[in-house]
Each structure stands twice: as C-alpha cells, then as structure tokens.
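Asks: If you read the sequence shown in this note's numbering, its first letter stands for residue 1, the second for the next number, and so on.
To be clear, the hints were calculated from the coordinates, so they are not data collected in a lab.
Source: prediction; values computed, not measured.
Each residue gets a CB set at the ideal place from its N, CA and C atoms; glycine is no exception.
Among the hints, erroneous ones may be present.
Here are the computed distance ranges between Cβ atoms for each label pair [claimed, not checked]:
#, residue 1, residue 2, range
1, G200, F89, 40 to 50 Å
2, R279, I2, 35 to 45 Å
3, A16, V148, 53 to 63 Å
4, R161, E90, 24 to 34 Å
5, R161, G249, 39 to 49 Å
6, Q113, H18, 46 to 56 Å
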Amino acid sequence: MINTVWLRSFCTLVEAGHFTRTAERLHMTQSGVSQHVKKLEGYLGCDLLVRQGKQFSLTDAGQRLYREASEIIGALSRLEQQVGEDAPFEGVVRMMSPGSVGLKLYPQLLELQLQHPKLVIDYRFAPNADVEKAIADHDVDIGLMTKVSDREEVSCEAIAREALLLVMPAGCSDPEWEQLMALGFISHPDGPHHARLLLGANFPEFQHSNQFEHRGFSNQIGLILEPVSRGMGFTVLPAHAVAAFHSPGLVSTHVLPNPVDETLYLGLRRHNPVPNRVRTVISEARRWL
C-alpha cells in the first residue's frame, strides 16, 4: 500500500511548484520532501519528476499519479475534518423518558429542531427500567428517569422535580376519602406507585390502590385522563401529563395538603464523551424542566 504521507508530500510539491515552498507548507526540510518523492518513485518503480536544477516537471507517470492522488488526499482531508467535527446543532440525538416528561419536553425539542434542521430529535417514551437499559446498551444518548439507576454503567444527576397531582372529574370539590372510594380508580403503569406516594401522604385510611374499585386502565400517557374527564373515576398523575391534557375544563386538579414531588434524573452512559449536539439538547431540557 502506498504511504499516504509520501503522497501528500508529492501532491503538495506539484501544487506549490517548488521544494522550498512545499517544505514550508508541510513544516519539513527540503531534503525531507525530496526523500519522500524518491521513496515514492522507488516504491512505484518509475520516475515521477524530471529535475532541472531547482526546477522540475512531471513525467507522464507523475501526471497520472497526481490526478489520482490529489483526489485521495482531498478525500482523506475531508474525512479528517468530518471525524474531528463536533457540531452543536447537527446530527441525531436519541432520547428516552417516561411519558409525562416527554409530553412537556418533546414539543420544545421540535422547536429546537425547526431552528436547526440538521439537528434530528429521536424521542421515545418508556418506563424507567427500559430507559435505564437503553442507556446501558448504548441505544440512547440521553435518558430521563424518576429513579436513580442501579447500574454501574449509568450515571444519574437530579435536574428537576415534578409534582404528583390528584385528578378528578370536573366539578368535584376538595377531595374526601369517601368521595374517592365512590369514584373508583383509573390506573396506569405507574398508577399504584403514584397513588401510594401521594394518597399515602395525605389520607390515613390509604393502604394500597386496590382499596378502590378499579374503573379503568390505560398505558398511553395522553389517554389516561379520558375516562376521568367522563366522570368514570379519579387518578394520580405527574403534573406535566396533567398540563398536556387537551380538555382541562373536563377535569379538576387538586394539590393536597402534603405535596409530593418526584425527582427527575438525567441519565447518561458513564465515562462516555458527550458530543456537543447532545450537550445542546441537555441544555434545552434543563431550561424547560
């Protein structure tokens, strides 16, 4: 295989037209440039230059080599530049979070993409366990979770807090235990956990969500409040999911005497360098959360 360092010296010499200028461009000595050309000629088994004192001209072989080699050297230079580039607003950023956070954040990230069309947002909604696994398996660049990861390869940093809210059909007054028992519970994947946190802190009667009549379930974050809005029961949801509901007038939201928040953690693959485009999205997420 031809030594690309020799090729670069040869192409620079042809373009500069002079050994001294070539040496200056490459930060070499003139004898070093000459040696590279001689080694290239020895490797190829033909003369590339016709030397005339301090001047030279190309042989037929030298002209053919320059035509081909200049494209190769140009491609290598572009490759070096592309690999070395770390643009803050270009490339794909893969992100995953629970649904409530996604409802808040994804529209803002789309606005960021509209401002910078070369930045592509790949956003997935998933529970904590799936987010944690995706970070560890290099399947996402950024993960947001409501729990600290137990995996050694995942680093976590608390970046925000999100309130848990009791949501009832419109017209319901300040909630009483008997009222909740009469309504029944609309559950979701985190429903029992959220109910334990919020209701357990505010109602001494609460033991577990199975105390309530089960009136429905949805695993789609945007649909959980649909049965609540139709008077079919109550639920407990994070604030961002409640704020995103399309018909807020059909539900009543209650902040209980003992508020409960969930901490939101930024999860990254530990020890992995963070590209600038990922830093851009992290900065935007911090701003909106």
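Asks: Now look at each hint and say whether the structure bears it out.
Replies: Cross-check of the supplied hints:
1. G200 / F89: 40 to 50 Å: 45 Å, holds
2. R279 / I2: 35 to 45 Å: Roughly 40 Å apart at Cβ, these two residues keep to the hinted range, so it holds.
3. A16 / V148: 53 to 63 Å: For V148 against A16, whose Cβ atoms are near 60 Å apart, the range 53 to 63 Å holds.
4. R161 / E90: 24 to 34 Å: 32 Å, holds
5. R161 / G249: 39 to 49 Å: 27 Å, violated
6. Q113 / H18: 46 to 56 Å: With Cβ atoms ~50 Å apart, the hint holds.
Figure legend: structure checked against the earlier numbered hints; the only hint not met is number 5.
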